[in-house]
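Colleague: Starting from the known structure of chain A, fit chain B onto it as the hints suggest.
Protein chains: 2
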Amino acid sequence: MSEIEKHTIIQINKADNVGIVAESNGLREGTMLKNGIVLKQDIPMGHKVALADIMPDDPVIKYGVIIGYAKISITKGEWVETSKIMLPSPPDLDSISLHSAKKHDSDPLEGYTFEGYRNRDGSVGTRNVLGISTSVQCVSGLAEHVARKIKHELLPKYPNVDDAVALNHTYGCGVAINAPAAIVPIRTIKNIAQNPNFGGEVLVIGLGCEKLRPERLVSDSNGESDIFYMQDERFQGFQEMVDGAMELAEAHLKKLNERKRETCPASELVVGMQCGGSDAFSGITANPAAGYAADLIVKAGGSVMFSEVTEVRDAVHLLVPRTNDPEVGKALIDSMKWYDEYLQQGQADRSANPTPGNVGGGLSNVVEKAMGSIAKSGTSTIVDVIGPGERIRKKGLTFAATPASDFICGTLQLAAGMNMHVFITGRGTPYGLSMVPVIKVGSNSKLSNRWYDLIDLDAGPIATGKKSIEEVGWELFHMMLDVASGKTQVASDRLGLHNDLVLFNPGPIT
Amino acid sequence: MSEIEKHTIIQINKADNVGIVAESNGLREGTMLKNGIVLKQDIPMGHKVALADIMPDDPVIKYGVIIGYAKISITKGEWVETSKIMLPSPPDLDSISLHSAKKHDSDPLEGYTFEGYRNRDGSVGTRNVLGISTSVQCVSGLAEHVARKIKHELLPKYPNVDDAVALNHTYGCGVAINAPAAIVPIRTIKNIAQNPNFGGEVLVIGLGCEKLRPERLVSDSNGESDIFYMQDERFQGFQEMVDGAMELAEAHLKKLNERKRETCPASELVVGMQCGGSDAFSGITANPAAGYAADLIVKAGGSVMFSEVTEVRDAVHLLVPRTNDPEVGKALIDSMKWYDEYLQQGQADRSANPTPGNVGGGLSNVVEKAMGSIAKSGTSTIVDVIGPGERIRKKGLTFAATPASDFICGTLQLAAGMNMHVFITGRGTPYGLSMVPVIKVGSNSKLSNRWYDLIDLDAGPIATGKKSIEEVGWELFHMMLDVASGKTQVASDRLGLHNDLVLFNPGPIT
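Each protein sequence line maps, in turn, to chains A and B.
Heads up: the first sequence begins at 738 in this note's numbering, then just goes up one per residue.
Heads up: the second sequence begins at 738 in this note's numbering, then just goes up one per residue.
For the record, the hints were derived by calculation from the structure and aren't laboratory data.
Glycine included, each C-beta is placed from N, C-alpha and C at the ideal position.
Treat the hints with care, as some may be off.
Here are some, though not all, of the chain B residues that point toward chain A, as calculated from beta-carbon distances under 8 Å [stated by the list, open to error]:
{"id": "1", "residue": "Q874"}
{"id": "2", "residue": "G1083"}
{"id": "3", "residue": "G1097"}
Keeping only pairs whose Cα atoms sit at most 30 Å apart, straight-line, the calculated DSSO-like set for lysine-lysine is [claimed, not checked]:
{"id": "4", "chain 1": "B", "residue 1": "K886", "chain 2": "A", "residue 2": "K888"}
{"id": "5", "chain 1": "A", "residue 1": "K886", "chain 2": "B", "residue 2": "K1224"}
{"id": "6", "chain 1": "A", "residue 1": "K1224", "chain 2": "A", "residue 2": "K1203"}
{"id": "7", "chain 1": "A", "residue 1": "K894", "chain 2": "B", "residue 2": "K888"}
{"id": "8", "chain 1": "B", "residue 1": "K894", "chain 2": "A", "residue 2": "K886"}
{"id": "9", "chain 1": "B", "residue 1": "K886", "chain 2": "A", "residue 2": "K894"}
{"id": "10", "chain 1": "B", "residue 1": "K886", "chain 2": "A", "residue 2": "K1224"}
{"id": "11", "chain 1": "A", "residue 1": "K886", "chain 2": "B", "residue 2": "K888"}
{"id": "12", "chain 1": "A", "residue 1": "K1132", "chain 2": "A", "residue 2": "K1224"}
{"id": "13", "chain 1": "A", "residue 1": "K1224", "chain 2": "A", "residue 2": "K992"}
{"id": "14", "chain 1": "A", "residue 1": "K888", "chain 2": "B", "residue 2": "K888"}
Chain A with its partners taken away, still in its complex shape (with noise of 0.2 Å):
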């Protein structure tokens, strides 16, 4: 029995009648835990074994928290699978009290830079990219083209620029534009070019008969002489239209390759955190130490977002107290309460989350999945909430209200102006943006080792012991640091992994 008795499961909290199995082949039938439990069937990694017997009706605790009802009678040492879990119901939202007792974020941190790129309006990038917008997706052949034209004839002219992209989207024409939800993806388009990484100098490439109208996404920084309309009728041939464009890049090519990096407090960092592809572990290693991390973003006086609202609900009433101020537990409450109708307009429901993968790596519902993804935002106060595709407004830990979809959730995140995106991840994509480096942290040893070039960092030593969560949290912050200043370059850029710009648009099409 001397080998079998090695093996131990991790129980996240003292309250929990259920534990995880941290092993990468999971468990056999028979085994003995340290504790002393046998196991009565073969338990996967990520999943929960019973610590006690569990009545019908009997809450399951993992995180302290009950994650459901037990639908049979589960016994000691049995596998405590998604079919005999009960899904609670959510937090009632008109009963949760919006007082927050005001707490002290613990001494500022100080000292930490990394060299980044200022604009004129304060932000600060961490490249420097040609942004080219595009009002609808009738003109993305042309803006793809362009881009591509500009990579290989005028960026060897203009060293200091890193990149042209083409931010195109779906959007644009065919849609009803003024339907009320249509604001949410109009200003994600604009807000998109105000990303500090673009420095300012973005050119939109319009058609000219389309609903979105190109003036509406100019801003402050850019204006109308900033737009080019394909249907201008000074072209005559599309080789005419590209001169143009091409014209006009250039402009923005010039002042872009004046920009210099220069040291900057971390303060300056506008981090999104995400989580994705998720498993037991994401809400055991990656998430906390993302957390932990975020944390050290915040008391530095940078910038935190999390968001997912679906990943959230189950969990808002723990997240309520963390606000500083009545109107931003109001404001956070209201977002769910959106959401909530909004789904049921669909005839779906927060249960319509997790995915399969989350399910195959042990978590059972959203209730659990919830628990995990909120760890991401660590201890912080919350100090605002916005909504999605709207611009960050305040340094701190700011809740940006947006699909827990990745690519969506990355679409708004970029939008709300981050300038450095952690992601997290324990079944595994491929996921990165051209915009913005993305930081892919594994939240097992399993993943992060089969993935070897996808995953930036790996959060599994946690499950083993091996690594402390603050460990994790500062290797985490440093790297943050390090790929701020364009010394590490993420896998996801160096593979030239990317992923579309994907808008949220709960208006209609028509």
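Modeller: Leaving out everything else, chain B in the frame of chain A:
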């Protein structure tokens, strides 16, 4: 006055109390028309002039139908501007008779052929393309990487294969996969891969943990062995994933390389008709000519689809009598009802169509736009109605109930199985697809001349009487056969301008 007297305007129907200015620079105040009317204002090209005094609340008649009611008094010779017209109520869907007088379509058209690729399932391709389907946006970076690598490294070895195309989209995860409306994007993705131009040799790149199971995307022509999962544990790192995908791709390329063009009757054409960036000429020149060509295809035994629910809504009472079966008529009406409710749910209605470009081009409202839009359906019997993303089932004329959005309609017609796309524009769009050739028809010579290398066929001479609708209709018919045979390359393919696939997702994001 002799020079001024030459000016004509176009009166489409004898009952019309408005005419259309055909001159490319518009007509000036004081110009005398052939019928003796003197213009009271400058009127731009494509816009309407009052041919009689129109009192407040009097009908404004064009195409012989009421396109609206005068808001104010409009005197003969005045510009009938958009602001002067009230939008009428849409046809009442519940009062349209389903009684359809069975009409006999005229004599069959025989002897026309093209050189196509005949598939095992009997369908015929017009191109020979390796399709790389994807289950989720997460994998788009890998799919693009693999498609590029295939083009550079493998296609030279398989000269009969025209192209390798990643079928990327924004769906697959972070969605309420069991919401009723989710069936629309799911069947669209599945059916796109069945387009005849892929010859049944599609591979599917999946991630592994996504909501949309890749197994749901395979069909009779392929099996689960055609699915590639990035999370497959046999892959150590990115290069092994790429090698795995390349190996799977090559197996399909070998089969595609055996495809040879053979003479096929014109009845094997499946034509998707669409218009976008329309102006007042679209409904007078290009759409009627396309309708004539559509009739020729139907007479030759082929299949034609027309679409765009919001542009058909106001003409549906004219279309139901063209159905050959009360069930088809009912399906047509039901597709309108579904869309009315969908728009209402998003607090929008049919007035969300037209676009600013339509209005600038002389189309005041969606009624006027609809009358022009349905002209491209010709005069044939409507034999079937299919939902968005469904496959076409019958020869003859089918209404494919898609949104009017150019890029969404095209994506859905692709899923329906078109092997030839006709796209009519008056304002101009570079629209193209990499899977199926798109013939772009210009509605006016001003555009067609300026965009000489972007427009494939100019229907403008119809407005000036230099060509008849029949003549341009036959030109388009012959061009379809040549393009389908690979003898003529369309502008968008020559310039490499291709739009993204854009799904219609009426269901919620999570």
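Colleague: What are the numbers of the hints the structure violates, in ascending order?
Modeller: Violated: none.
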